[in-house]
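Starting from the known structure of chain A, fit chain B onto it as the hints suggest.
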Amino acid sequence: MLLEVNQLHMRFGGVVALHDVTFDVKWGSITALIGPNGAGKTTAFNCITGFYKAQQGRLRLHPPNRPTVDLVQILGQPFSGSDLLHPGRLWTALGYKMFGGPHLVCRAGIARTFQNVRLFKEMTVLENLLVAQHAALDRHFFSGLFNTATFRDHEATALNRANDLLDFFELSKEANRLAGHLSHGHQRRVEIARAMCTGPILLCLDEPAAGLNPMETQALSGWIRRLQKEMNLTILLIEHDIGLVMELSDHIVVLNHGEVIARGTPAAIQQNSGVVEAYLG
Amino acid sequence: MRRLLLHPLVTAILVLILTAPIAGLVLDGYTFNLHWQPPLGLALTALILHLVINLVRAWRSAQGGAWSVTHGPIPVPSHPALLRTFRILLLLSCLVLPFLLNKYWLTVAILALIYVLLALGLNIVVGLAGMLDLGFVAFYAVGAYGYALGHEYLGLGFWSALPLGAFLAAGFGVVLGFPVLRMHGDYLAIVTLGFGEIIRLVLNNWTEFTGGPNGVRVAFPSLPGLEFSRKAKEGNIAFHEWLGIDYSANHRIMFMYLILFLVVLLIMFLVTRLKKMPLGRSWEALREDEIACRSLGINHVTVKLSAFAMGAMIGGIGGVFFAASQGFVNPTSFTFFESALILAIVVLGGLGSIPGVIIAAIVLTVLPELLRDFSDYRILVFGLAMVGMMIWRPRGLVRARRPVFQGRQG
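These protein sequence lines are chains A and B, in that order. Residue numbers 899 to 1179, in the working numbering, belong to the letters of the first sequence in order. Residue numbers 4 to 413, in the working numbering, belong to the letters of the second sequence in order.
In isolation and in its complexed conformation, chain A is listed as follows (with noise of 0.2 Å):
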């Protein structure tokens, strides 16, 4: 198990948007999040990735090899009256209050892309990929100021580590160019390029074939196994494209009104008569 996703709970005000979502995401698994709109998915993807603080429950990334990360933790909670008796918990809080946030959830291994796409428009296809990079960079001020070997060396391996996954997604014609110049396959293709350059143990994809002609799709398709199966991927998507995900996913998820229904293999879920309802109504 990578991703523990258990009783997670979000409200806007009068709406629950998520209630005691639980699921988890296996090593190595391809897991979809299915559900008709306004169910929750995004949600729930959000509070994964950290752009908004789940209210209850717990989230934990499990990577292998490593400690485990307290997702809801890093992104800074309210103090509470103990933990003035714990000084240690307290300094944890505070930092993680003054500098914590999504970032740390994509530092811990996490990298996501959006439903409408969000490249750096006015920089280059490159550009995108090094800055995604910055983190392997060498990043001391006054090595990059007099360009020493070591920052140079650097800056080379990130930009083959780019041009390597500009070739994987058959990108490599389109590397000086500008961003928001791409055509939208490109720019999805380039957004999945740019989420792998922060060396990610997850990736979450929203809504990767939105916009996508059918051609586009089975390409992607391609893509995704391709990433899972070479570069030992774990892959998190909410999908609107039913053919997608039942080609795709090893596991589904899936959520109507803020609640889970249903989770299990594809062929389950085909079977599955509160799914049918939910879609169908």
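These are calculated hints, taken from the structure and not from any lab test. There may be inaccurate statements among the hints.
To be verified - Pairs of lysine-lysine, DSS-like flavour, derived with a Cα cap of 30 Å:
hint, chain 1, residue 1, chain 2, residue 2
1, B, 106, B, 234
2, B, 278, A, 1071
3, B, 279, A, 1019
4, B, 279, A, 1071
5, A, 951, A, 995
6, A, 1019, A, 1071
7, A, 924, A, 951
8, A, 1019, B, 278
9, B, 106, B, 236
10, A, 1019, A, 951
11, A, 1127, A, 1071
12, A, 1127, A, 924
Just chain B now, kept in the frame of chain A:
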């Protein structure tokens, strides 16, 4: 072809019709006199202007539509050797410049360089990090007053005030940065505007400490043991005696120009390098999309604060030089108009483009001096230039260039 000639002609006729009654009819006692020269002149000017615009347009479109945004891969700059020669020539001419100018133009040149510094500083905040700062003059004031008050109370010299003023301004940058971390666009602009005014009002009203509107006197910079006055103080040598030449009040200003020029070069180097460093790239990424930045593990707090601090630091250095070159500072030099001017320089020059911003800074400080006779219309022309630029070159004089990477390395 027809449009090329016909449209200007129509314009000219329209101008003639419109201006003939206004500029052509002159009241003479109880009768009118018709003067044809002024309206004809105006119409002719309109004709020529329109024709020139049309010709330029035709030429541009023949060149393959260079005014439109290029959609292909970004072109690699050609003739690197030519560019290098041009740069060296420019550098040399800037170094020779102070020996050719008279005192008045030297002061103008110093002012232009100070504005180059300020624009480079604001360019980091607005152009690279994309945070609209309408109170940049605050950091300029902090630098200037840092030197002035440091000299007054602590006896600081120019050389110690320079780094100190820079750090002080950077500190103020962080102080401003913290509360505005969550703000964007308009809200950020208003807060920074307020910050700029607060600094000015404090300087104006804290009379016991800052001297209020009366300002503070500042010492001119000197080298250790050398002075630029006619008669040196005890233990020092006057610069002209040391070199064995006649005394001239210009020496001090030339000296000032040369240090300032050196500092501008250093800052240019700094900013150019920053754009290629992970930090500079993060700034630009933050300008493009903050949420995407955070999803990629970039801590927006440190990135924003560093942009504020770095921009403020450069502004502070500009302030120290301003104080040193004027010999006197008071709060009237740090009004909102200055902020607006610096922002206009950055926008006109091209957000994020270093050469563009430098050219705009020089043009916008030197041009008003050249057009002293038309000083009444200065702001009018300024406004017209802004409107024109926003219509025809919304990205500024020089569009920021993106780095091009050549395939695989190593």
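Run the distance test for residue 106 of chain B versus residue 236 of chain B: straight-line Cα separation, threshold 30 Å. holds (24 Å)
With a cut-off of 30 Å on the C-alpha distance, tell me whether residue 279 of chain B and residue 1019 of chain A pass. This hinted pair holds, its Cα atoms lying about 18 Å apart.
Straight-line alpha-carbon gap residue 1019 of chain A to residue 278 of chain B, limit 30 Å: Holds - the C-alpha atoms of residue 278 of chain B and residue 1019 of chain A are around 17 Å apart, at most 30 Å.
Is it true that the CA of residue 278 of chain B sits at most 30 Å from the CA of residue 1071 of chain A? holds (24 Å)
Take a quick look at whether residue 1019 of chain A and residue 951 of chain A sit within 30 Å of each other, Cα to Cα. holds (28 Å)
Does the structure keep residue 924 of chain A and residue 951 of chain A at a Cα separation of 30 Å or less? OK: residue 924 of chain A and residue 951 of chain A at ~23 Å, within 30 Å.
Is the hinted pair residue 1127 of chain A and residue 924 of chain A satisfied, with a Cα-Cα distance of at most 30 Å? holds (14 Å)
Within a Cα-Cα threshold of 30 Å, do residue 1019 of chain A and residue 1071 of chain A meet the stated pairing? holds (17 Å)
Tell me if the straight-line CA distance from residue 279 of chain B to residue 1071 of chain A falls inside 30 Å. holds (22 Å)
30 Å limit on alpha-carbon distance, applied to hinted pair residue 106 of chain B and residue 234 of chain B: Satisfied, since the Cα-Cα distance of roughly 20 Å is no more than 30 Å.
Has the given pair, residue 951 of chain A with residue 995 of chain A, been kept, meaning a C-alpha gap of at most 30 Å? Roughly 12 Å separates the two Cα atoms, so the pair holds.
Going straight from one Cα to the other, do residue 1127 of chain A and residue 1071 of chain A come out at no more than 30 Å? holds (25 Å)
Checked against the numbered hints listed earlier, the structure breaks none of them; every hint is satisfied.
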